[in-house]
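Protein chains in written order, with this note's numbering: chain A, 1115 to 1451; chain B, 1115 to 1451; chain C, 1115 to 1451; chain D, 1115 to 1451.
Some clues are possibly wrong.
Same chains, same names: a pair is fine if it fits in one copy or spans any two.
[Stated by the list, open to error] Heads up, simulated DSS-like pairs for lysine-lysine below, C-alpha to C-alpha not over 30 Å straight-line:
no. : residue 1 : residue 2
1   : 1125      : 1374
2   : 1286      : 1159
3   : 1125      : 1198
4   : 1141      : 1286
5   : 1192      : 1374
6   : 1159      : 1120
7   : 1233      : 1175
8   : 1120      : 1316
9   : 1233      : 1134
10  : 1419      : 1232
11  : 1141      : 1315
12  : 1315      : 1286
13  : 1191      : 1233
14  : 1232      : 1120
15  : 1159      : 1208
16  : 1184      : 1232
17  : 1175      : 1120
18  : 1184      : 1286
19  : 1233      : 1125
20  : 1141      : 1373
21  : 1125      : 1159
22  : 1120      : 1374
23  : 1208      : 1125
24  : 1192      : 1286
For the record, the hints were derived by calculation from the structure and aren't laboratory data. Predicted model only: the values in this text are computed from it and were never measured.
There are 4 protein chains.
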Amino acid sequence: MIIVMKPNVGKSEIDHVIEKVEEVGCKAILLEGTNRKVIAAIGDKRDVSPEFWSAIPGVEKAVPILAPYKIASREVKKTDTEIKINDQIIGGNKVSVIAGPCAVESQDQINFIADKVKKAGAIALRGGAFKPRTNPYSFQGLREEGLEYLAKAREATGLAVVTEVLSPEHVKLVSSYVDVLQIGTRNMANFLLLQAVGECKKPVILKRGMSATMDEFLLAGEYILSHGNPNVILCERGIRTFENHTRFTLSLSIVPQLKKLTHLPIIVDPSHGTGVRDLVKPMSKGAIAVGADGLLLEVHPDPEKAFVDGPQTITIEEFENLMTESRAIARAVGRDI
Amino acid sequence: MIIVMKPNVGKSEIDHVIEKVEEVGCKAILLEGTNRKVIAAIGDKRDVSPEFWSAIPGVEKAVPILAPYKIASREVKKTDTEIKINDQIIGGNKVSVIAGPCAVESQDQINFIADKVKKAGAIALRGGAFKPRTNPYSFQGLREEGLEYLAKAREATGLAVVTEVLSPEHVKLVSSYVDVLQIGTRNMANFLLLQAVGECKKPVILKRGMSATMDEFLLAGEYILSHGNPNVILCERGIRTFENHTRFTLSLSIVPQLKKLTHLPIIVDPSHGTGVRDLVKPMSKGAIAVGADGLLLEVHPDPEKAFVDGPQTITIEEFENLMTESRAIARAVGRDI
Amino acid sequence: MIIVMKPNVGKSEIDHVIEKVEEVGCKAILLEGTNRKVIAAIGDKRDVSPEFWSAIPGVEKAVPILAPYKIASREVKKTDTEIKINDQIIGGNKVSVIAGPCAVESQDQINFIADKVKKAGAIALRGGAFKPRTNPYSFQGLREEGLEYLAKAREATGLAVVTEVLSPEHVKLVSSYVDVLQIGTRNMANFLLLQAVGECKKPVILKRGMSATMDEFLLAGEYILSHGNPNVILCERGIRTFENHTRFTLSLSIVPQLKKLTHLPIIVDPSHGTGVRDLVKPMSKGAIAVGADGLLLEVHPDPEKAFVDGPQTITIEEFENLMTESRAIARAVGRDI
Amino acid sequence: MIIVMKPNVGKSEIDHVIEKVEEVGCKAILLEGTNRKVIAAIGDKRDVSPEFWSAIPGVEKAVPILAPYKIASREVKKTDTEIKINDQIIGGNKVSVIAGPCAVESQDQINFIADKVKKAGAIALRGGAFKPRTNPYSFQGLREEGLEYLAKAREATGLAVVTEVLSPEHVKLVSSYVDVLQIGTRNMANFLLLQAVGECKKPVILKRGMSATMDEFLLAGEYILSHGNPNVILCERGIRTFENHTRFTLSLSIVPQLKKLTHLPIIVDPSHGTGVRDLVKPMSKGAIAVGADGLLLEVHPDPEKAFVDGPQTITIEEFENLMTESRAIARAVGRDI
């Protein structure tokens, strides 16, 4: 930690900071600059935040040298983490596609879609049973009935199934039905939920909060990891910016940046990340080109009739076409789908 | 709803939209513009979202005429809602100040602060028992022990107590100890939690999500209202922007804008909204000047020793001074503290 | 234009709006909804802005149906615009790469780089002669001397040369030396400069303002087009958001969205768009995958010694490698470099 | 400057950085942390930017200790700068209000408004002669004719006049007519224009760029100061964020933060900062409460007929009422209007 003192602080304030540095178990080195005094705290104490230091009188700011996360860091684990989902791997050489409707609507619907996306090359089926809806008057999902349909669609097709979990008290129920738990963007900083899925061992897809910085995103991953679950898949799904031609701004540059900093696999959700059907295919191709390990896509035979998220949902035919074109990109970066 | 068709759509697409409009119970009026055809759907159907329409083939966009919330709207209830907190009112002519430490640390700490903030004019005591922390290695709160300390501080001072609730399963426990439940910014879109506090009858302080638009904020309030709890206090606490001289950008313009659109009281949290101790007093005064019904403030006798949020916490003396200066502003806008 | 009236407006306010609609030459249709009255103004009057309407008493908001730009619109010109730069085309099937140093430093430097980037496949050379610098104490460019060096580098290599123009009074001078004028992000809304390059006939690379919406970006292009210059190349270069792992957030989704709305070619600048050397190659590949017509890249033999923008500048070797990998992506989307 | 090296860098990379530090005239101190090596560069070299350092191989990031601006800094000049505008002062104890129409429309219009705003307490008249318009088809201002009208309005009322200057080549002309030059938000980073007004001696109102950080804003001020003009008035006018209930987000917290860091006066423009007429009065009061030295307001006798910016323009009566209510706030903070 680099602790920058305010101009004109006295000896007593500096001594006090040095004392505090030693108290937390670090070594203090005082640097006397032309206009400022700076104290370097030497030692790996990631749990002592910059806020701790800037609350001390006389301190102007504190700049961390080390990242606040550790288990998620590539410094700690150099090789890519590969996560097993039934007989498939996420994070290996293959680009893994997970597809399905935003919401599970009926057994027929989910089986039909599961069959189609499997044939087109998807490795897992997604479908929402518990739906977090901005509007209290909107459809909230089939809940446990939806989980049962997902489990039966797995039996029918062999595809692993992925669904969102909304609350710590649902973790046990949901994980008894599905193969992968998804944490939605609105719950990325729901720390009790992160703990709960951390104590479970099922793979978790952790969506980036729509206003989370990269460090906050990795710290959310660290929450899960630090509670004992090593199977964390990060998912970029668009951030909130001033742009209004899309619902969110899909920030693809986070993919190669995360690849440098963490060993965890990273997938991209261009459906929520744009909110616009026509943009799903080009942004899927872009995601693969920048190095994403997979895609999470909303597919429905009749998007107009989808209970949720119709405008960003692609049809079965569009999905098949997307897979063909994406495969060409995957090969151009030395991977396969 | 105004439904704008893409250029060059055919009659069958238009007829299909008109049919859908009538299906949901609205009346359709077709407007033939110079370059575009537009269909107006007449009728109060707030639960049919723009997304429903833009998912239909041939539709370019759908523009809602009515706000998506209803119970929260001033069109439905014209007079200001006043919310009773023990023997005090939030939303009346008085500017209500709620103050206390970010985290409850001990019985002595909370009693000492309660006594001081009461004397300086606060109407309620805040203090965190369950702390949502970005970093998994940070202090997570005293939990039920903290709730007990809060309840005892109430006994000792007569101040109502406010604390954050993090999960639906905690609502019963927390509301058995405290007078006001707080929903934090990271949980504004935790819809199961909104439902749970909606089914409880205790007053709720609902903090704006750091990336929530005004409509999304009001819809979160509507969630609580629509589940039966009319006692919703809105709280602006800063939004995430590109600015880096503060932790968040405190958006004071939302206060007078909300006053036009909703009957619910609105308070402001300048501690989290800036993250900078020196800015708490001026921004408190600004909040009152723009019409806020109250303030939510972090106060600690020794911010350097505060377990959480030290850099934005003011001392008892600073709080007393803030109250004096804020009182002058309150009077200048015809109110009192 | 759809003009939404406030609740409870009287007949006189409605009549007044209808009169205004007819005054500007549109036809007014009054729609009487359940809770609101709405007036549709029929007619292609893009120059009458929503602001004109919302300033009228009783009007709640005005929603435009037509885009505010016209010449730039694909509705007006359906086929892609191809722009000739010397013997090369931007906007055709080929992905056009423009590369060079951020700043021209010497004749040797620019000739050396020109030769290298040409061999690796670039179709034009970029280099700054007038540098807009945030810090007044930073290097401001070689000015006319830099233009001379660029012109000589063109003679030596046959590459077209591109440079930024900062002020209307420089347009004549700069265009006497170079083949393509560049408008920087900080000048996208410098309307006098847009006019000046509009009156010139040289091709213009128009960089997106770092906080410009898509409509504002297209309106800036329309400025140039409407002053007589049809040779506008749009360039996405990153927007300002809360993200801090990159200098800007490169918004690739604007590329396919612009392709739907305009016939103008669109290129991407991943050097400024990320500010991070390691991200230039993956984001270049992403840009091509989403459909960009070209790339604008900063290349320098020794980025550490570059006068400007060292951290985002790639070496000659990195550029050669980028071209090889990008070529594979271009082929995967049916194009060439 | 604190230079953080990448993990696992070798001695040669460290020696190379140390050499560079000494080359620019600083003293290097090597700190060997547990996981990282850090080099502190001691010496006041604000012109060597963090980018210079992060371009060097092996460097992970560079963190500046000193602010990049100097003349603007309160460390260099401790007392508040007061700027004389004719017989009035901006930056003293009085809150200075500058008001007038967005665009000068006629001699009668400007004289009428000048007279009214003077009587209500304004110290200067604003009015646009050259208008930067987003839409090329919108009204662009009366240009020199408008300047003449402004000069005559000054003769008639004795009010100082303020107008925007758009281009370096206009500075001489505009400053021959008016008392204060205004740099608009779209030109805050038009460095040639900043130089030109820096070489002129007339007071300058510098509006914050809509996506400028506080440091960039102060650096723009430093441009003007460093070219010889000490009369810089900073103006917050709203930033671009995801919020959509206002045109921009007026960031009032920058006012007290700037007061800590700079001696320059700071005013606020709530008209552009919100874009909503009803919000102008409350946000004016908020601006004064947080410590602004003045207000810049758009006033027009008939906003509906204003050529520009009608929706955010207040009437004469609204202005008079705003002045009365704002005076109460000014007194509550120990100032006058």
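Against the structure, the hints:
no.	hint	verdict
1	1125 x 1374	between (42 Å within a copy, 23 Å between copies)
2	1286 x 1159	neither (34 Å within a copy, 37 Å between copies)
3	1125 x 1198	neither (57 Å within a copy, 41 Å between copies)
4	1141 x 1286	neither (45 Å within a copy, 47 Å between copies)
5	1192 x 1374	within (10 Å within a copy, 42 Å between copies)
6	1159 x 1120	both (23 Å within a copy, 18 Å between copies)
7	1233 x 1175	neither (56 Å within a copy, 33 Å between copies)
8	1120 x 1316	neither (49 Å within a copy, 34 Å between copies)
9	1233 x 1134	neither (62 Å within a copy, 33 Å between copies)
10	1419 x 1232	within (22 Å within a copy, 53 Å between copies)
11	1141 x 1315	neither (39 Å within a copy, 52 Å between copies)
12	1315 x 1286	both (11 Å within a copy, 29 Å between copies)
13	1191 x 1233	neither (36 Å within a copy, 40 Å between copies)
14	1232 x 1120	neither (61 Å within a copy, 33 Å between copies)
15	1159 x 1208	neither (37 Å within a copy, 46 Å between copies)
16	1184 x 1232	neither (37 Å within a copy, 43 Å between copies)
17	1175 x 1120	both (8 Å within a copy, 22 Å between copies)
18	1184 x 1286	within (28 Å within a copy, 36 Å between copies)
19	1233 x 1125	neither (72 Å within a copy, 36 Å between copies)
20	1141 x 1373	neither (32 Å within a copy, 35 Å between copies)
21	1125 x 1159	both (25 Å within a copy, 25 Å between copies)
22	1120 x 1374	between (35 Å within a copy, 12 Å between copies)
23	1208 x 1125	neither (59 Å within a copy, 39 Å between copies)
24	1192 x 1286	neither (32 Å within a copy, 45 Å between copies)
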